[in-house]
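Top to bottom, those sequences are chains A and B. In this text, residue positions in the first sequence follow the working numbering: the first is 1, and each later residue adds one. In this text, residue positions in the second sequence follow the working numbering: the first is 1001, and each later residue adds one.
It is possible that part of the hints are untrue.
[As the list claims (entries may be wrong)] For the chain B half of the interface with chain A, some residues (derived, Cβ under 7 Å), not all of them:
| no. | residue |
| --- | --- |
| 1 | 1099 |
| 2 | 1119 |
| 3 | 1123 |
| 4 | 1127 |
| 5 | 1217 |
| 6 | 1221 |
Keep in mind that the hints were calculated from the coordinates and are not lab data. Don't be surprised by glycine CBs; every beta carbon is placed ideally from N, CA and C.
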Amino acid sequence: MTPLLLSAYTATTCLGRGLDAMREALRNGRSGLVPCAFETVQLDTWMGEVAAVDAEKLPESLATYDCRNNRLTQMGLETDGFAERVREAIARYGKTRVGVFLGTSTAGILQTELAYRRRDPETSALPDDFHYRTTHNSFSLAEFTRDYFGLEGMAMAISTACSSSAKVFAAAARQLELGTIDAAIVGGVDTLCLTTLYGFASLQLTSTQPCRPYDAARNGISIGEGAAFALLERCAQPAAGSILLLGTGESSDAYHMSSPHPEGLGAKMAMEAALRSAGLTAGDIDYINLHGTSTPANDAAEGKAVVALFGNSVPCSSTKGATGHTLGAAGAVEAIICALTLTDGFMPGSPGTENVDPAIPVDYLLKTRDGKVSHALTNSFGFGGSNCSLILGVAK
Amino acid sequence: MSKPLTAWIEGIGFLAPGMPDWPTARAILRGETPLTAAPSVLPAPSILPPAERRRASRVVKLTLAIGLEAAAHAGADVATLATVFSASGADGHNCHALCEQLATDDRQISPTRFHNSVHNAAAGYWGIATGAMAPCQVICAYDASFGAGLIDALGQVVLDRQPTLLIAYDSEYPEPLFAKRPVPDVAGVALLLTPERSERSLASISVTPAITAAEPLADAVLESLRLSIPALRALPLLQKLARGEAGKVCLDYLPPMQLQVDIGLC
Chain A
1 MTPLLLSAYT
11 ATTCLGRGLD
21 AMREALRNGR
31 SGLVPCAFET
41 VQLDTWMGEV
51 AAVDAEKLPE
61 SLATYDCRNN
71 RLTQMGLETD
81 GFAERVREAI
91 ARYGKTRVGV
101 FLGTSTAGIL
111 QTELAYRRRD
121 PETSALPDDF
131 HYRTTHNSFS
141 LAEFTRDYFG
151 LEGMAMAIST
161 ACSSSAKVFA
171 AAARQLELGT
181 IDAAIVGGVD
191 TLCLTTLYGF
201 ASLQLTSTQP
211 CRPYDAARNG
221 ISIGEGAAFA
231 LLERCAQPAA
241 GSILLLGTGE
251 SSDAYHMSSP
261 HPEGLGAKMA
271 MEAALRSAGL
281 TAGDIDYINL
291 HGTSTPANDA
301 AEGKAVVALF
311 GNSVPCSSTK
321 GATGHTLGAA
331 GAVEAIICAL
341 TLTDGFMPGS
351 PGTENVDPAI
361 PVDYLLKTRD
371 GKVSHALTNS
381 FGFGGSNCSL
391 ILGVAK
Chain B
1001 MSKPLTAWIE
1011 GIGFLAPGMP
1021 DWPTARAILR
1031 GETPLTAAPS
1041 VLPAPSILPP
1051 AERRRASRVV
1061 KLTLAIGLEA
1071 AAHAGADVAT
1081 LATVFSASGA
1091 DGHNCHALCE
1101 QLATDDRQIS
1111 PTRFHNSVHN
1121 AAAGYWGIAT
1131 GAMAPCQVIC
1141 AYDASFGAGL
1151 IDALGQVVLD
1161 RQPTLLIAYD
1171 SEYPEPLFAK
1181 RPVPDVAGVA
1191 LLLTPERSER
1201 SLASISVTPA
1211 ITAAEPLADA
1221 VLESLRLSIP
1231 ALRALPLLQK
1241 LARGEAGKVC
1251 LDYLPPMQLQ
1261 VDIGLC
């Protein structure tokens, strides 16, 4: 593919709001995970909650969008000057020429979960103040973002569980390549809700401790939440040091709804496709941000795929011990983490992980390491066997 | 500088209330047979093993039915096809059951219900059933979901130069969510799109942005289906294809943006 410029980007997770908080935490090996105390949830697990999400007030004209997921969407957009950069792009290109491509797993389903507790005792009707379209529906965050900026062009939500907001980069890249748009707001937002907390617990995939990706004793995920965005544009001559999307790769496991292909076949195909798309070989990659959920099956399968392609020669880590697994936001969060490794010259370690699983022979980073990164690859895999790998690089 | 979003249609799959498959729908859209109002009929997915077949949800049956019909129409091998699924919602019955249980004191939901709750559940079962390891996209754009799916599928066809199966579909919620989102029944349309013309090509389509309104369908029942089931926003295009008419047709997309489809006959 023709490289695309990330002309602005931002991420908000339990590590804090914006890039500086994320930098500081990743450099110092700080985790944002805390024991789960979300809403009325009673589960023995840890979580990555973003502070002060519910204090965020939506504009009055967009009041029907009000829910935790859109509050976090707005919070993310209004961080690191991102919204201002979007407005500048709209001024440059026009409101029909900036597309919106956002990933989510559960959007604002929390709003529906809460509304079900308030059903009319006689008729079971949901309360009048519950707005399905603008909160629960998977498109709600994309429609909110489109309306927030007064855009009039194409928009879509991609919802492929935990690969959602990696795949938005691929979908937006296609439209930019075709010239149907001039810029794209890409990203992902997912927020804590009962469906995912109790759901992953029902699959016995949540850990009772902070998650420990790639640890020999890893036993499950810690669910997090997050909002991460990038503004993608074509750019014939990017300034030296700017961050580029170089390649995207997608594949399907065709294996199982909630378990990865045991040999990591789909994961390997996605990474190979990303390398092909970027015109790079395995030897060109300096750092891999792993999907690394910390379930026994995911890390084993992904590890096999990484070993098959890269051996043990590429430093790699999962940052989910720091951020938790932000599900549909994870792809975008981790793409932004890759951008930080490229600009700042470090590779993040893995808070929580103590003893790397000897059965997975990769160069796994327990501690943050300084070093120049020119090309970073990030993996995102989801339920239903949906895989996506992205490669980011620095303009020379 | 914009490349046109152009592809050839090699196969069509269709299922909607009163129209169990594309040949039936084609005859109705040509005005040869009247449309009788009837609930959608979902065939048992023969591609699944018997145990899975019984457990398959309505969206899984729907997407397998229309996807396989389009692929068979084109004589394509489903195991090789890239897919784009686009739906305005996930499995509504499963969603209701989860929300209902999470509102009680017993929140120990079923793990199967949970993994079936993802928006890409039907796409996941498609992969398991067909063995397709090619890229699989799963989109939602509320009422604009057909247009959003079409845009992404055409993008893949034009850039990746590979056949891509678009499966746009919707299903109903039970009450009380039905009152908030009254999609009346399951329905969907599948189009097998290819980058090159072949002896199997039915028509070419080229999509551009527009601001003109979609022309209502003359038949009131068809028009009501077009408006109440997002995937059926495709009906004006399908009517032209059924009638073998070339020319332009406008589809509802995401206000104020509409999609104009230029149809070329083979």
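Structure-based check of all given hints:
For residue 1099 of chain B, the interface hint holds, since its Cβ comes within 7 Å of a Cβ in chain A; the closest pair sits about 4 Å apart. Interface restraint check for residue 1119 of chain B: the shortest CB-CB distance to chain A comes to about 3 Å, inside 7 Å, so the restraint holds. For residue 1123 of chain B, the shortest C-beta to C-beta distance to chain A is roughly 6 Å, which falls under 7 Å, so the interface hint holds. Nearest Cβ of chain A to the Cβ of residue 1127 of chain B: about 4 Å, under the 7 Å cut. The hint holds.
Interface restraint check: residue 1217 of chain B against chain A, minimum CB-CB distance 24 Å, threshold 7 Å, status violated. The criterion of a C-beta within 7 Å of any C-beta in chain A is not met by residue 1221 of chain B, whose closest approach is roughly 25 Å, and the hint is violated.
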